[in-house]
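Okay, here's what each chain looks like letter by letter:
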Amino acid sequence: NAGVMQNPRHLVRRRGQEARLRCSPMKGHSHVYWYRQLPEEGLKFMVYLQKENIIDESGMPKERFSAEFPKEGPSILRIQQVVRGDSAAYFCASNGGGSTDTQYFGPGTRLTVL
Amino acid sequence: DAKTTQPNSMESNEEEPVHLPCNHSTISGTDYIHWYRQLPSQGPEYVIHGLTSNVNNRMASLAIAEDRKSSTLILHRATLRDAAVYYCILRRSNNAGNMLTFGGGTRLMVKP
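For the record, the sequence lines run as chains A and B.
Here the first sequence stands for residues 3 to 116, where the numbers follow my numbering.
Here the second sequence stands for residues 1174 to 1285, where the numbers follow my numbering.
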């Protein structure tokens, strides 16, 4: 049973470009969470999605960031017009949706903005 | 979720037990105590969780104080692979938000 998969593992973008990060949840999971970890800091929640719905986006920056989890295919975290401050590790987690269910994390995408 | 307090770092010798403390004095009756750890350059992974009673699994044990205001994660025999940041997180058993709120955690260093 494959775990949570994220790709790419490493992504380099120049300032002003777009970054697309993909997350495939564990088989049978319909709930996806995105977290960001800035260098030398802890993980911060960004957004929580179910299939085709955003449930909680209270941790998402108001501009340039968006997320989706379509009926088919992976969840996508999209960052438009990246800036150096967006350089971070972005982790995706999934579970079945219970409020205290274990979240299973992917290996992360390390975004570097030049 | 209620706040937790952990030491910034701890050191242990390989093959010795490690006790990682966590204070959560404002815990409510419906808060579960979860522990996750993050190995270097990896995503967090679940370790253990409990509500009131002590819990054991293949990775660790969780000892919960009688008043539930503190808990201790116990690694019975630390290995070099246990070097990680350990996070103690409270999660409420309702549907009001499912995210994990990570604090600073405890960085465990294991010496050979």
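Worth flagging that the hints you see were computed from the coordinates, not collected in a lab.
A couple of the hints might just be wrong.
One-sided excerpt, in silico: chain B residues whose CB lies under 8 angstroms from chain A [said to hold, decoys possible]:
1. 1213
2. 1215
3. 1218
4. 1275
5. 1276
Using N, Cα and C, we set each Cβ at its ideal position, and we do this for glycine too.
Evaluation of the provided hints:
1. 1213: Check failed: Cβ of residue 1213 of chain B comes no nearer than 11 angstroms to chain A, outside 8 angstroms.
2. 1215: 6 angstroms, holds
3. 1218: 7 angstroms, holds
4. 1275: Holds. Min distance 4 angstroms.
5. 1276: Holds. Min distance 7 angstroms.
Violation of the numbered hints given earlier is confined to hint 1; every other hint is satisfied by the structure.
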